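*Asks:* If you want the building blocks of each chain, they are given just below.
2 protein chains.
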Amino acid sequence: MTNYYSQENHGPFELIDIGSLELEEGASIPDCKLAVAIYGTLNADKSNAILVPTWYSGTSKIMEQAYIGEGRALDPAKYCIIVVNQIGNGLSTSPSNSTGSLAGPGFPQVRISDDVRAQHRLLTEHFGLESLALVVGGSMGAQQTYEWAVRYPDFVKRAAPMAGTARNSAHDFLYAEALIEAITTDPAYQSGLYGSSHQVAAGLKRHAKLWTVMGWSTEFFRTSRHKALGFDSMPAFVDNFMTGYFAEMDPNNLLSMAWKWQRGDVSRNTGGDLAAALGRIKAKTYVMPISHDMFFTCDDCLAEQELIPNSEFRPLHSIDGHLGLFGTDAEMLKQVDAHLLELLSTPAP
Amino acid sequence: MTNYYSQENHGPFELIDIGSLELEEGASIPDCKLAVAIYGTLNADKSNAILVPTWYSGTSKIMEQAYIGEGRALDPAKYCIIVVNQIGNGLSTSPSNSTGSLAGPGFPQVRISDDVRAQHRLLTEHFGLESLALVVGGSMGAQQTYEWAVRYPDFVKRAAPMAGTARNSAHDFLYAEALIEAITTDPAYQSGLYGSSHQVAAGLKRHAKLWTVMGWSTEFFRTSRHKALGFDSMPAFVDNFMTGYFAEMDPNNLLSMAWKWQRGDVSRNTGGDLAAALGRIKAKTYVMPISHDMFFTCDDCLAEQELIPNSEFRPLHSIDGHLGLFGTDAEMLKQVDAHLLELLSTPAP
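First to last, the sequence lines map onto chains A and B. The first sequence begins at 1 in the UniProt record's numbering and counts up by one. The second sequence begins at 1 in the UniProt record's numbering and counts up by one.
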């Protein structure tokens with residue numbers, strides 16, 4: 001459909017077949033393939049593995065570029081950092097790379113918990129792991145991080161959910177619904193049977209505008225951070241940066257992830273009881289929202305952190321808001337590293 | 001087109017013809033009619049007049065219901081409170097009530113400054129006023145309040161812009177653009193030549209959803225304020241309250257106001273120099289943003305307040321955010337009244 005999701009753009013990554021994945025919603029993905037990028041080497045006792053799940057629209061590449069490197073907290077010289085692309089993101093099994101009845105709009109509904117169970121199978125069966133030194137992810141990566149810590153409390157020694165919640169809020173659900181409708185109301189979307197992403201350009205552009213409104217912050221634009229990033233006006237920022245970012249992505253992939261994002265909820269493990277779910281967590285957990293995040297707000301994250309036994313509230317300060325996750329604010333990345341270094345230095349529970 | 005904008009729904013109001021209004025963008029409105037609602041009586045020296053302009057989608061009715069009454073700051077027993085409906089809102093001359101070439105999508109582009117010049121003509125020629133004890137308005141009413149204070153500095157003795165800015169931000173412009181596109185991308189909109197508002201229901205509903213995402217606040221939903229207001233779920237709130245609120249309104253009216261909102265900017269009076277424009281203000285000014293407003297933020301308003309000579313920063317606290325303007329938060333209304341009472345008690349400059 002498009003070569004956006006290529007090794008050239010997003011690699012190197014390895015495709016690992018974990019077999020048939022039964023999904024919570026009832027369907028299954030036969031020969032489910034997870035795209036995995038690995039940085040560093042597993043030590044003898046397999047105690048230095050770090051799992052990094054990915055966010056909406058993102059792949060392992062942005063995690064490498066923004067968070068992984070020598071001298072960073074996620075240092076390949078010390079850790080074996082395993083970045084697993086979420087199902088539906090275009091690298092792992094997705095609408096865009098499936099065939100037959102699973103292709104495009106026929107792709108089944110996948111939940112955060114499906115990703116986490118798939119990753120658990122990958123880590124235990126393929127890598128032979130029995131624990132993770134750390135799970136760290138942002139946004140939908142934070143949703144997966146929470147699901148990991150709740151579902152496999154003995155496996156996860158430390159957890160650092162950034163800019164995301166354990167249970168998605170009604171407000172956030174509605175924002176994602178607006179994103180979905182920006183795409184699906186484009187007549188060219190044709191119920192998912194479009195010929196190429198470019199045909200859905202108008203819908204993808206409206207989707208990009210909504211990300212611009214909510215993804216950064218009012219302060220970001222008031223202080224002309226978009227100009228500091230190299231765009232001389234708001235239209236230039238919208239057209240060249242935001243629209244350009246999404247333009248090559250597959251709409252059905254985005255919609256698959258958005259559906260999943262809307263329904264992230266660890267309390268599904270405990271009959272809807274969020275306190276009971278978060279109370280299960282054994283990992284030492286740093287809850288790391290971003291100060292100016294307009295949809296995964298600090299207050300929402302704080303309310304959850306207070307329900308996690310061995311946790312600390314470690315907000316990141318950045319007027320870049322949610323999309324500070326991209327790594328646009330070097331000062332915020334320093335804060336991330338400082339918190340993660342401290343977290344990694346705490347003894348495993 | 002629709003009887004939503006009736007005396008029964010929004011009256012009593014008087015339609016006052018101010019003659020031909022030449023617009024900044026070049027066109028003109030012949031026989032421009034302003035819908036005016038008056039509460040209280042003008043005193044002998046005409047020193048007790050208060051002007052209240054209206055916001056996007058609102059009319060004089062909501063201003064009466066939420067802000068005017070005996071024992072309130074805006075007390076008809078003390079003041080002659082003149083609420084002037086903005087051009088394009090459906091009561092004053094608007095796309096929905098114009099005929100011929102001005103009807104519907106043929107309606108000319110109107111700016112905040114056009115409204116303020118029209119109101120100035122109304123107040124001077126029809127009411128014989130030479131000053132206003134106070135101009136107070138919210139959102140687009142704040143935009144008009146600022147324009148009044150900058151354009152007619154000797155006329156306006158006191159000003160209280162609530163939840164709005166003197167110069168619209170790039171972020172706010174883009175949010176309004178998303179609102180506009182929610183309507184115009186509905187195929188039933190037909191470039192403004194739809195048969196009735198109901199035909200554009202899908203676009204109006206998407207527009208209502210974006211208002212739900214940005215109009216209140218994440219905290220509003222986290223603390224279930226929507227349930228406290230009588231709606232048992234987010235979908236019920238979106239469908240019955242927000243969509244219901246906008247459903248009967250005329251899309252071309254909304255689009256006319258949105259275009260105006262996007263371009264509110266007092267610095268057009270001073271060649272783009274905002275400090276020079278705000279420096280002109282002689283009115284004692286209370287700048288009153290709402291703490292949790294997601295698009296007319298406190299920081300944006302504070303930056304402007306600091307440029308106004310005789311002003312004070314008087315933020316209102318409410319998790320209801322921007323739409324707290326509706327009067328949903330009784331505690332916020334008390335704050336409004338306290339600030340306005342204090343402002344009205346200060347000597348005229």
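Don't take every hint at face value.
Covered by chain A, per the in silico footprint, the following chain B stretches (three or more residues, Cβ under 8 Å) [to be verified]:
hint, stretch
1, 89–102
2, 199–211
3, 268–278
4, 313–325
Non-contacting residues of chain B with respect to chain A, defined by C-beta distances greater than 10 Å in every case (computed) [stated by the list, open to error]:
hint, residue
5, 15
6, 77
7, 178
8, 333
9, 347
Just so you know, these hints were derived from the structure itself, not from any lab. Model, not experiment: these values are computed from the prediction. Backbone N, C-alpha and C fix where the C-beta goes; we use that ideal spot for every residue, glycine too.
*Asks:* Output the indices of the hints that this structure fails to meet, ascending.
*Replies:* Result: hints 1, 3, 4, 7 break, sorted rising.
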